[in-house]
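Top to bottom, those sequences are chains A and B. Counting in my numbering, the first sequence runs from 1 upward without gaps. Counting in my numbering, the second sequence runs from 1 upward without gaps.
It should be emphasised that the hints constitute simulated quantities derived from the structure, not laboratory data. Do not rely on the hints blindly, as some may be mistaken.
As the list claims (entries may be wrong) - Capping the alpha-carbon separation at 30 Å, the derived lysine-lysine pairs in DSBU-like fashion look like this:
hint : chain 1 : residue 1 : chain 2 : residue 2
1    : B       : Lys-69    : A       : Lys-167
2    : A       : Lys-297   : B       : Lys-123
3    : B       : Lys-123   : B       : Lys-219
4    : B       : Lys-221   : B       : Lys-123
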Amino acid sequence: MKPPKTLESIPAIEQAYGKSIANAARRRRQRLTTTGAGRRPGWLTYAVLAVVLAASAFPLWYTFLLGSADAAYISQHAIPSMIPQGKFITNMGRVLAADIKFWQALLNSVIVSALTAVSVIFFSTLAGYSFAKLRFRGRNQLLVFVIATMAIPTQLGIVPLFMVMSKLGWQGQLQAVIVPGMVTAFGVFWMTQYLQAALPYELIEAARVDGCSMIRTFWHVAMPASRPAAAMLGLFTFVGTWTNFFWPFIVLGSTNPTLPVATQLLQAQYFKDYSLIMAGVLMATAPLVFVFVAAGKQLVSGIMHGAVKG
Amino acid sequence: MAKTKATRPEAGRPVRKIGFRQRLGRWDVKLSPYLYVSPFFIVFAVVGMFPLLYTAYVSMFDWHLLGGKGEFVGLGNYEFILGQHNFWVAMRNTLSIFVISSVPQVTAAIGIAWVLDANIRAKTFWRMGVLLPYVVAPVAVSVIFSRMFADQFGLVNSVLGGIGIDPIRWHADPLASHFVISVMVWYRWTGYNTLICLAAMQAVPRDLYEAAVIDGASKAKQFFSVTIPQIRPTIIFVIITATIGCLQIFDEPRMYDQFGQGGSDHQWMTATLYLYQLGWNQEMNFGRAASVAWLLFMVIGVIAVFNFALTRRIASDSPDHSAKVRKTAKTRGAVKR
Chain A
1 MKPPKTLESI
11 PAIEQAYGKS
21 IANAARRRRQ
31 RLTTTGAGRR
41 PGWLTYAVLA
51 VVLAASAFPL
61 WYTFLLGSAD
71 AAYISQHAIP
81 SMIPQGKFIT
91 NMGRVLAADI
101 KFWQALLNSV
111 IVSALTAVSV
121 IFFSTLAGYS
131 FAKLRFRGRN
141 QLLVFVIATM
151 AIPTQLGIVP
161 LFMVMSKLGW
171 QGQLQAVIVP
181 GMVTAFGVFW
191 MTQYLQAALP
201 YELIEAARVD
211 GCSMIRTFWH
221 VAMPASRPAA
231 AMLGLFTFVG
241 TWTNFFWPFI
251 VLGSTNPTLP
261 VATQLLQAQY
271 FKDYSLIMAG
281 VLMATAPLVF
291 VFVAAGKQLV
301 SGIMHGAVKG
Chain B
1 MAKTKATRPE
11 AGRPVRKIGF
21 RQRLGRWDVK
31 LSPYLYVSPF
41 FIVFAVVGMF
51 PLLYTAYVSM
61 FDWHLLGGKG
71 EFVGLGNYEF
81 ILGQHNFWVA
91 MRNTLSIFVI
101 SSVPQVTAAI
111 GIAWVLDANI
121 RAKTFWRMGV
131 LLPYVVAPVA
141 VSVIFSRMFA
151 DQFGLVNSVL
161 GGIGIDPIRW
171 HADPLASHFV
181 ISVMVWYRWT
191 GYNTLICLAA
201 MQAVPRDLYE
211 AAVIDGASKA
221 KQFFSVTIPQ
231 IRPTIIFVII
241 TATIGCLQIF
251 DEPRMYDQFG
261 QGGSDHQWMT
271 ATLYLYQLGW
281 NQEMNFGRAA
291 SVAWLLFMVI
301 GVIAVFNFAL
311 TRRIASDSPD
321 HSAKVRKTAK
331 TRGAVKR
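Please put together the full structure from these sequences, using the hints given.
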């Protein structure tokens, strides 16, 4: 397949052929491109998007509505008023007082997610740098192997993994969750893709000529160059680890829970009181929503960036 | 010339003894690449490959959570599991949830991506809105939807009642419960997959659309004859990841009620939930849990192969630039316009 030929940009045409030609080209293109980037969306497009947005946000709003009501109100109103009842702070206090170790779970979630993210960033960048920029025998085969492992449902090895963790005495310890997630195939692949394009060989050579050892070259040249992709990878790993339930549920249990495990405890113990449960669910979700508001733009561009290359 | 010689002392000169530092430097260059990629392989071997293979070993023994390894029973565990009614219920539920959750999810993702691909205002805002559910943990999603779809006095049933539809037993009825669990999967994953598809669509060269317009293609025709074939690899990627994820689903069914048994009649108990119950909950029988893991692994393998064949078939049905496809089209004598 031939590389796609892109049209000259309008400013380029204007520079080369003058203003009137550029205007004519612009008009012609608007007429031609009825789809894609030039397509002018009508109200229907926005209506569809608004419905999607409402569907995304409504369950969270519903959670807030129930979380700010009390049990009596919920039992009388199957369809809650769309205006919150204003008992959210009270319910928050009850969640904190409940027997689910909320603060410990929050702290555990922060520790586990942050350490996993840092570790994934470091080891993935290291491996990605090696795959992208260093020459060694078997490089391509190893990279293909890494990518192939993404299709293996390793979650099914949970029984022996649990045995290993209990042998090590890590059951109920945070390292039991952190260590298996230390480096991921996705991360290695991601950083390889990025560094291939973003890190010029000249920089590495310059550092080598200046007498840097291999690891110093990595640290002073590859690490800074990989920063944008590393930030996105860290964000994804953070979200993924924070929302992870199956493995922490099995290996940590109720003694040393993360937030999803604490959510399960809350549901199991207070299943009659949905105001309490929903307040707890929202408290467990809110930190990530804040992260999302602050860094959602990066998440979006991260997914799109990775998809084009992957 | 003199410079080249200075950087390569061994060229044209008697071999000099290499100093320790130099030798160290050479080892550094040779070994470092392997050293850098090794963490992944070590971690994968220890927490990925080894457990998966060892699962097969464990499944051959009478092995308990508390008692440890017992007698060798060969395929006894498999025989036991395959004779269990619950296993077949779990497989039925898993496949049912898989079908209901994956097909509309991928379809909707492609559709929404196509809408987003237009030249809309406030692009980032809409894209972020689509992605919002991604940061809600599956556990939280399940608690929320379990309440919204409560059998009695739930939001959805009340709304349905308002427009004259009889209440649906979202928990008691198997198919209805599979539907709700699938809705949870749609909720969390559609936006994510939408953005992946959108990225692929934006990489489609725009002059292909222009050519289609000139040839008189309608919008629908453009979508099916330009967009879909162009983003095919991405669609395959999305389908494969959705498959692997859906078949191992645990969080949503586990949290769909407070007991976590997959329903009073196991109506929404999935294979992974069954595995968990065998290993940790009721019998604490690791041997049997391991054999369920292997059976599920094989099912995933079969479906993956089937998937692959199917997507290839779809691929060769659509117009493509590859020579192989053109050849097939020729032999069929089919000319596509």
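(Q) Need the status of pair B:Lys-123, B:Lys-219: alpha-carbon distance at most 30 Å? (A) holds (21 Å)
Q: Take a quick look at whether B:Lys-69 and A:Lys-167 sit within 30 Å of each other, Cα to Cα.
A: holds (13 Å)
Q.
With the threshold set at 30 Å, check whether the alpha-carbon distance from B:Lys-221 to B:Lys-123 stays at or below it.
A. holds (25 Å)
Q.
Hint check: A:Lys-297 vs B:Lys-123, CA-CA at most 30 Å. Holds or violated?
A. Distance ~11 Å between A:Lys-297 and B:Lys-123 Cα, so the pair holds.
Hint check: no violations occur; every hint is consistent with the structure.
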